[in-house]
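Given the structure of chain F, go ahead and fit chain E onto it with the hints provided.
There are 2 protein chains.
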Amino acid sequence: MKLVYKIWIEGDNKAFGEGPYKLLLKVNQLGSIYKAAQDMNMSYSKAWSIIKRAERELGIALVESNIGGAGGGGSCLTPQAKILMNKYDEFCNEAGEILIKLYNKYFSELL
Amino acid sequence: MKLVYKIWIEGDNKAFGEGPYKLLLKVNQLGSIYKAAQDMNMSYSKAWSIIKRAERELGIALVESNIGGAGGGGSCLTPQAKILMNKYDEFCNEAGEILIKLYNKYFSELL
Chain F
1 MKLVYKIWIE
11 GDNKAFGEGP
21 YKLLLKVNQL
31 GSIYKAAQDM
41 NMSYSKAWSI
51 IKRAERELGI
61 ALVESNIGGA
71 GGGGSCLTPQ
81 AKILMNKYDE
91 FCNEAGEILI
101 KLYNKYFSEL
111 L
Chain E
1 MKLVYKIWIE
11 GDNKAFGEGP
21 YKLLLKVNQL
31 GSIYKAAQDM
41 NMSYSKAWSI
51 IKRAERELGI
61 ALVESNIGGA
71 GGGGSCLTPQ
81 AKILMNKYDE
91 FCNEAGEILI
101 KLYNKYFSEL
111 L
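First to last, the protein sequences are chains F and E. Residue numbers for the first sequence, in the working numbering: 1 to 111. Residue numbers for the second sequence, in the working numbering: 1 to 111.
Don't read these hints as lab results, they were simulated from the structure. Just so you know, these numbers come straight off a predicted model, no measurement behind them. You can take every hint at face value.
Which copy is meant is left open, because identical chains are indistinguishable; a pair holds if it fits in one copy or across any two.
Below, simulated EDC-like cross-link-like pairs (lysine to aspartate or glutamate); rule was C-alpha separation at most 16 Å, straight line:
id, residue 1, residue 2
1, 6, 18
2, 82, 18
3, 2, 57
4, 2, 12
5, 87, 109
6, 82, 109
7, 105, 90
8, 52, 10
9, 105, 89
Chain F extracted, bound-state conformation (with noise of 0.2 Å):
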């Protein structure tokens, strides 16, 4: 027996979680929202969604796009989307470290 769990922000709704996070850490990656959204076989209109409802719900800009240039246009992340992406991932690591302890305090000798 193990433990799984989600975890996630909300304001009024569903505002950030590992869906937002894991295809921001692809954009900041593979510098482009499409190319994002291809490596995760998820439609760019999906992404796009996703990304736009989690800065509506955070109220905070998350991707930058460049339009144009020598190489076609690309995206990155915000200042702000860095802060946020790592700050949420050492909370997803403390807060996973800290629930399997208090699993194993409650249930191993139970389950």
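Here is chain E on its own, set in the frame of chain F:
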């Protein structure tokens, strides 16, 4: 903004979480799976299958049925189910407190 989380215990499949917990709480309170299902606007067969799945996945008998008798049949929790319920309750309370503290530690200034 606030933190939202779902936590459950899994073996090969989902085994125990908020759904079975709330159902067993009602069974304990009302002394009957039928009455518990009715109270939760759930069909008897759905309630039955939730309990049986949890028992199968956990490998623990959770409910004992008393057939017939003067007041008709009824169901009550096994001693092991009561131990599991208490531990799950304590686990969720402690996990909830810690997660809220962690959320504030990481996000209170940002969000």
